[in-house]
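**Student:** When you line the sequence shown up against this note's numbering, it's residues 1 to 177, in that order.
Heads up, a few of these hints could be off.
To be verified - Distance ranges between label pairs, derived from CB positions:
1. 150 - 77: 17 to 27 Å
2. 135 - 91: 11 to 21 Å
3. 175 - 143: 11 to 21 Å
4. 108 - 139: 33 to 43 Å
Rather than coming from a laboratory, the hints here were simulated on the basis of the structure.
Glycine is no exception: its CB is placed at the ideal position from the N, C-alpha and C atoms.
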Amino acid sequence: MASISSSAAASVAAPAQANMVAPFTGLKSNAAFPATKKANDFSTLPSNGGRVQCMKVWPPLGLKKYETLSYLPTLTEAQLAKEVDYLLRNKWVPCLEFELEHGFVYRENARSPGYYDGRYWTMWKLPMFGCTDSAQVLKELGECKKEYPQAWIRIIGFDNVRQVQCISFIASKPDGY
1 MASISSSAAA
11 SVAAPAQANM
21 VAPFTGLKSN
31 AAFPATKKAN
41 DFSTLPSNGG
51 RVQCMKVWPP
61 LGLKKYETLS
71 YLPTLTEAQL
81 AKEVDYLLRN
91 KWVPCLEFEL
101 EHGFVYRENA
111 RSPGYYDGRY
121 WTMWKLPMFG
131 CTDSAQVLKE
141 LGECKKEYPQ
151 AWIRIIGFDN
161 VRQVQCISFI
171 ASKPDGY
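With the hints as constraints, model all of the structure from the sequences given.
**Tutor:** The following block contains the structure:
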């Protein structure tokens, strides 16, 4: 008896549901799409918002991409001071690290995914807890350059509350890089 009443209910509900879905009417016509493109119309090229229409990307041959800001030309002393000021404004602890051999991530000891050599660099002195001026950091950078003139040197910023590294950028590279 239960099987008869459930099948009867299903047959009654089916026509009501079929009326709620719009029927398929086919594909739309191509009239909404443009038929031809202008041959020399440069107004559709990507733009960075300025007068420059296309920007050259990083050349892959002979130049290594290191870390943050590495696609820029070498930073001047004033630009480095501004970056360090930003680091200090965010209450991050500055620290200098250097690398004598590679200066970039590479694979030498293992070929497994996720393992890379060169991630950890040698720390130059201790982190600069209590540092309040970018001149202090740049003075240490100068001392590190004097001690290791052919080293990659980076400035990093640690957030001592969250216990993470928040910023890292190359401050000095050896000649020829």
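**Student:** Each of the hints needs a verdict: does it hold here or not?
**Tutor:** For each hint, the structure was consulted:
no.: 1; hint: 150 - 77: 17 to 27 Å; in the structure: holds, 20 Å
no.: 2; hint: 135 - 91: 11 to 21 Å; in the structure: holds, 18 Å
no.: 3; hint: 175 - 143: 11 to 21 Å; in the structure: holds, 19 Å
no.: 4; hint: 108 - 139: 33 to 43 Å; in the structure: holds, 34 Å
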